[in-house]
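Going down the list, the sequences are from chains A and B. With the numbering used here, letter number 314 in the first sequence gets 314, and the count goes up by one each step, no holes. One rule links them: number in the numbering used here = place in the second sequence (from 1) + 1000.
Be careful, since some hints might not be right.
Unchecked claim - Derived lysine-lysine pairs resembling DSS-like cross-links, with alpha carbons at most 25 Å apart: (1) B:K1055 to B:K1207; (2) B:K1207 to A:K91; (3) B:K1055 to A:K88; (4) B:K1080 to A:K52.
Don't read these hints as lab results, they were simulated from the structure.
Here is what each chain is made of, one letter per residue.
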Amino acid sequence: MTLLALFLALTFLGLLGYAFQVYSVKAVVRSNRPQKKDPQVLPPVSILKPLKGLDDNLFDNLESFCGLQYPQYEVIFCLQDYNDPAYKVAKKVKDRHPERDITVVVSHTQEGLNPKVNNLLGAYRVAKYPLVLISDSNVSVGPDYLQETVSQLIDSNAGLLSNIIVGVGGKTLGAVLENLHLNSFIVGSVCFLDRYLKMPCVIGKSMLMWRADLEALGGLEAFKDVLAEDYVIGRRFYESGRPVVLSNYAIKNVNYYWDLRRFLNRHTRWGKLRWKLGGMRYLSELIANPVFLSLLPIIVIGITTVTLSMAIFTATIKAIGDMYLSRVLKSPMHPLLYILSPIKDILIGVLWFLPLLSNTVQWRGNRYIIGRDTMLSPYPETTEWSWRYRFINAVRMRFA
Amino acid sequence: MLLCDFHIHTTYSDGSVQLSRVIDLYGQAGFDVIAITDHVVNGDSYIGKMAWRFKFTVTAHNFDDYIADIRNEAERAWKKYEMLVIPGVEISKNYVSAERSAHILLLDIKEFIPACATFERIFLEARQQDALVVACHPHHMTGLNKDTLYLWKHRDRYGKYIDAWEIANRDDVFNVISLKKYPYIANSDFHKVRHIYSWKTLLNCEKDVQAVKQCIRHNKGVAITLFRN
């Protein structure tokens, strides 16, 4: 009975936390938009787009950056390899927009262990404007995006500005789960941290910053061995006294054809990042998952009317909440897809434990050990641990 | 070099992706030339009848709609992605025996050709329509795919009608095509989204239907590539 009461209390706490998240998203989305600026006062911007492989909707995503209503900007597509399939798409977009200042940079930079930063370094070095916007290849924006975000950066006198992300698309199970998670837990956590705890939580999908400020922190090179370079850059800005703000301009993260494994891999990796960055604060994430918490009494005590009712009630409330959040974010999905919301939360609940057991990540074909503040070190190939990696690899090869 | 895939199925036959989505999928990935080639299945065998029953085939009845739909999408693909879309079919003669079965791609087809016609008639009608004739997956394949060996077994008889042979199909490579020095192309045999990552053809020619057909027929400036993400 005491155990059941404890679980009930935890689930209630989780639902309360979730309600705060929903409220904070609503507050951020409905906060005032910046006033329109005279184009004369808008500084020129260098948009850096690191590309690696074919993201869903890549052509449209890249093209959305060619029609921005902004007086002066350049777009730099950066890759590590001419044979990357994204190279052809980038070239095609460049050729279709001769009126735009677009550069395709292929650099084989291997200065650090973070492949995204390695890729960005080539573009960062040729960027010519005082404002730098790092934007992932899987995001799509509207024509007013740059004007609004730069105006917000100027109005708030901030050093760095990031945007809220909305998952759109979703043709496969993995993509639907990804979008459900982005539009509930991820956006909720980012807005909650920003509104109530005043903690910068920068996600690298869109980061607008003053180049001079970044240079003062050592430039992009300073983050070449950090896995969560976006979060760490945001934190360093904040610690150096330069405000970090969250824009209410929602950018679309387009996910159409993800498989389940990709969804699980990404959130295992992100979980590991948060564990290494947040330490004990990571434990609070479990409490922020009321659906998973409401399932625990069924596992521990067994199926009873009370435990089952509690799980069904929590799952229903959470699914309705997620549906409401998507409406607030203007990214509605088919109502039936929200049935998957509790399943997604249970999967995320299971994944929550993995970072406690492993400190290695597989990212973009490379395997790393992540340390404090997500500092990367190469996975050992010749130490006493190597046998485990080699054994797993051998089994995988066998069944491939 | 033009990045090409000449063997793509949609929901018009047994593909799992609708035509418009297929166009967007390939366009977003930067392809230059693709051909939509849904199955036209013979109705004179048990296996063929099954395909008809489950509507896994283009028929004489919906052929015009099929071609019109492809042409509309081709216009959109050209405007949006500068991607050339060629209408085609995969004539599928399916029998229980792999040695009797054959699949033939007809690219740039204009009129319906029934799959239950004789091989000679199919090839001659294709030639009259100036369609490109490609023998697809002509040799043993891996996995659960059913082999279609008839054309390879009778290559001496039918080789003169065939403009190119698939040297690679999705994950399979048929080295016999290279040993015989036949003209070749490589395709995905696209049915599902993940099949986009497979063998493809690279052509060194203008982005124009006639130039593409000529390039394949002459088989100069043709290369194959394994398209991976």
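Comparing the hints with the structure gives:
no.: 1; hint: B:K1055 to B:K1207; result: violated, 33 Å
no.: 2; hint: B:K1207 to A:K91; result: holds, 16 Å
no.: 3; hint: B:K1055 to A:K88; result: violated, 37 Å
no.: 4; hint: B:K1080 to A:K52; result: holds, 23 Å
In summary, the numbered hints that this structure violates are 1 and 3.
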